[in-house]
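A.B. asks: Sequence:
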Amino acid sequence: MFDYKLLSALAAVVEQAGFERAAQVLGLSQSAISQRIKLLEARVGQPVLIRGTPPAPTEIGRRLLNHVQQVRLLERDLQTLVPALDEEGLPERLRIALNADSLATWWAQAAGDFCAQQHLLLDLIVEDQTVGLKRMRAGEVAACLCASERPVAGARSVLLGAMRYRALASPAFIERHFPEGVRAEQLPRTPALVFGPDDFLQHRYLAALGVDGAFEHHLCPSSEGFIRLTEAGLGWGLVPELQVREQLQRGVLRELLPDKPIDVPLYWHHWRNGGQLLNQLTEQLVRSSRQWLVA
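Sequential numbering from 1 applies to the sequence shown in full-length UniProt numbering.
Treat the hints with care, as some may be off.
Here are the simulated distance ranges between beta carbons [as the list claims (entries may be wrong)]:
(1) G154 x H119: 21 to 29 Å
(2) D3 x E59: 40 to 48 Å
(3) I60 x E185: 48 to 56 Å
(4) E180 x R51: 45 to 53 Å
(5) K5 x P188: 51 to 59 Å
(6) A172 x P258: 13 to 21 Å
(7) H218 x V158: 32 to 40 Å
(8) L248 x V211: 23 to 31 Å
(9) E180 x R228: 25 to 33 Å
(10) L248 x I60: 47 to 55 Å
Derived by calculation from the structure, the hints in this document are not laboratory data. We treat Cβ as the ideally placed atom computed from N, Cα and C, and that holds for glycine.
Build out the structure end to end from the sequences listed, making use of the hints.
C.D. replies: If you want it as structure tokens, here you go:
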């Protein structure tokens, strides 16, 4: 049997990004937290933390974190039936991986009221929609929003809809690089904007236009910065339609190839044994995402 005081110490160190703040949250000394981590490592026979700044869980540490989070969610269900069990009255924390574009557009409106009503705190881990599922596979998060349909073992996936992206650039950029009109074969030799090394959306877009191979691009791992760079004329980029409606109306950004958007499906993954809180959050997201995502 696990000693859940030891697991709580591990969770606090990771969630609070350090031993000192973990000690403050749990009302213990920093030395006591350190001793609990050492005892947990002795029990499992291997390190659970990489002592860095901030401390990071090892592979077994990630699995223990996932376990303790699932236990917390199940305990929450019991506390609803037996309020006396909730001695501390602390809000629940939920670790979720999601893509930056959802966080920059519709996520807050979809989940905000639910979190306030349920006294729920979120630990959001930003990952590209094509690779976010690795966080669940590693046991780091209780839920994930990504483009992969197939869930990991022990989890469910639900299609919420698709985010529509359009290839956009500033008027000055279009006039400079495409004075005679935009042709697909010109795009690889024209500077593009890519969110990060795991972002292959531009590759897919060009392949759909019949253009393969490498292309010139900047890397910009920020949704807001991506828009600013596009407006400034540094490159063309695939931008969520939700994020730039005002810029399109004002003519600050223009579409390179009208009527050729690309849709990215978004699947919500969550653990089957995550308790009622995860089930209720899933229902909320299914209902509210219809306002923003393409069916």
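A.B. asks: Confirm or reject each hint.
C.D. replies: Hint-by-hint comparison with the structure:
1. For the pair G154 and H119, the supplied restraint of 21 to 29 Å holds, since their beta-carbon distance comes to about 26 Å.
2. Between D3 and E59, the C-beta spacing of about 20 Å breaks the proposed range 40 to 48 Å.
3. The given range of 48 to 56 Å is respected by I60 and E185, whose C-beta atoms sit roughly 51 Å from each other.
4. The hinted range of 45 to 53 Å is not satisfied by E180 and R51, whose Cβ atoms lie roughly 59 Å apart.
5. For the pair K5 and P188, the beta carbons lie near 57 Å from each other, so the given range of 51 to 59 Å is met.
6. At about 19 Å, the beta-carbon gap between A172 and P258 stays in the expected band of 13 to 21 Å.
7. Range check, H218 to V158: about 34 Å between beta-carbon atoms, so the 32 to 40 Å window is met.
8. Distance hint for L248 and V211: a CB-CB separation of about 24 Å, consistent with the stated range 23 to 31 Å.
9. At roughly 28 Å, the beta carbons of E180 and R228 sit within the given window of 25 to 33 Å.
10. Remark: the range hint 47 to 55 Å for L248 to I60 is upheld by a beta-carbon distance near 49 Å.
Of the hints listed earlier, those the structure fails to meet are numbers 2, 4, in rising order.
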